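Engineer: Residue numbers (our numbering), protein chains in the order written: chain A, 1 to 114; chain B, 1 to 110.
Hints were generated in silico from the structure; no laboratory data involved.
Fair warning: this is a prediction, and the values are worked out from it, not measured in the lab.
Certain hints may be false.
Okay, derived cross-link-like pairs now, SDA-like style, lysine to any residue, Cα gap no bigger than 25 Å in a straight line [stated by the list, open to error]:
(1) K38(A) with T99(B)
(2) K107(B) with F63(B)
(3) K44(A) with Q25(B)
(4) K81(B) with E55(B)
(5) K44(A) with R68(A)
(6) K38(A) with T26(B)
Here is how the chains run, residue by residue.
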Amino acid sequence: DAMVIQNPRYQVTQFGKPVTLSCSQTLNHNVMYWYQQKSSQAPKLLFHYYDKDFNNEADTPDNFQSRRPNTSFCFLDIRSPGLGDAAMYLCATSTRGGRLNEQYFGPGTRLTVT
Amino acid sequence: GQSLEQPSEVTAVEGAIVQINCTYQTSGFYGLSWYQQHDGGAPTFLSYNALDGLEETGRFSSFLSRSDSYGYLLLQELQMKDSASYFCAAPTGGGNKLTFGTGTQLKVEL
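Build the full structure now, drawing on both the sequences and the hints.
Structural biologist: Below, the structure written as structure tokens:
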């Protein structure tokens with residue numbers, strides 16, 4: 001089945017220790033998104049790629065970076081995680097030209113910062 | 001800016017009908033989507049209204065009124081498995097991004 005996969009599902013890192021979260025998709029969608037979601041809050045968009053074009057949200061901290069080496073994979077790098085970065089990180093995909101609003105989400109990676 | 005407001009929590013009994021409202025202020029409005037998210041799970045797409053009126057998909061229906069900047073999700077014949085968070089969302093950034101509403105936690109009781 002076509003899907004969005006995130007690894008790992010749970011990640012524990014130390015304060016200030018760089019961490020990378022990964023996302024892959026078999027949907028061949030050209031748009032990929034990274035969201036941060038904290039408890040009882042809505043997903044907050046960090047950035048998205050339209051093909052190889054990177055689009056950063058204005059309020060995304062510089063501590064968060066992303067790479068998309070090809071259509072299928074996208075990575076979220078947190079350079080120096082702080083305690084406030086503990087959250088669920090969701091990857092999603094969509095296709096331009098399809099239903100404007102239908103995004104397909106991966107299961108998420110829950111990040112704990114100790 | 002974009003803002004979509006929802007009630008924070010709604011409680012209903014199994015078998016009942018519940019309506020979750022969403023009021024929005026957005027520029028360049030394209031339409032309104034709804035997503036369901038169970039605890040610990042990923043958001044999943046439920047419906048999309050591009051035009052005014054009611055869209056029905058099984059037990060779930062979604063309504064949009066552009067003139068009132070308002071929409072709602074209607075859930076009928078509630079089941080325990082419907083207990084989840086529900087988010088309205090509007091496309092922004094030329095349709096390539098979604099801005100999510102504040103979210104409504106639905107609790108279905110026996």
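Engineer: Now tell me if each hint is right for this structure.
Structural biologist: Here is what the structure says about each hint:
Straight-line distance between C-alpha atoms of K38(A) and T99(B) comes to about 16 Å, which keeps the hinted pair within the 25 Å bound. Between K107(B) and F63(B) the CA atoms are separated by roughly 21 Å; this keeps the pair inside 25 Å, and the hint holds. A hinted pair counts as satisfied when its Cα atoms are at most 25 Å apart, and K44(A) with Q25(B) qualifies at roughly 17 Å. Taking the CA atoms of K81(B) and E55(B), the gap is near 22 Å; set against the 25 Å cutoff, the hint holds.
Taking the CA atoms of K44(A) and R68(A), the gap is near 19 Å; set against the 25 Å cutoff, the hint holds. This hinted pair checks out: K38(A) and T26(B) have alpha carbons roughly 23 Å apart, not beyond 25 Å.
Consistency with the previously given hints is maintained throughout, with no hint failing.
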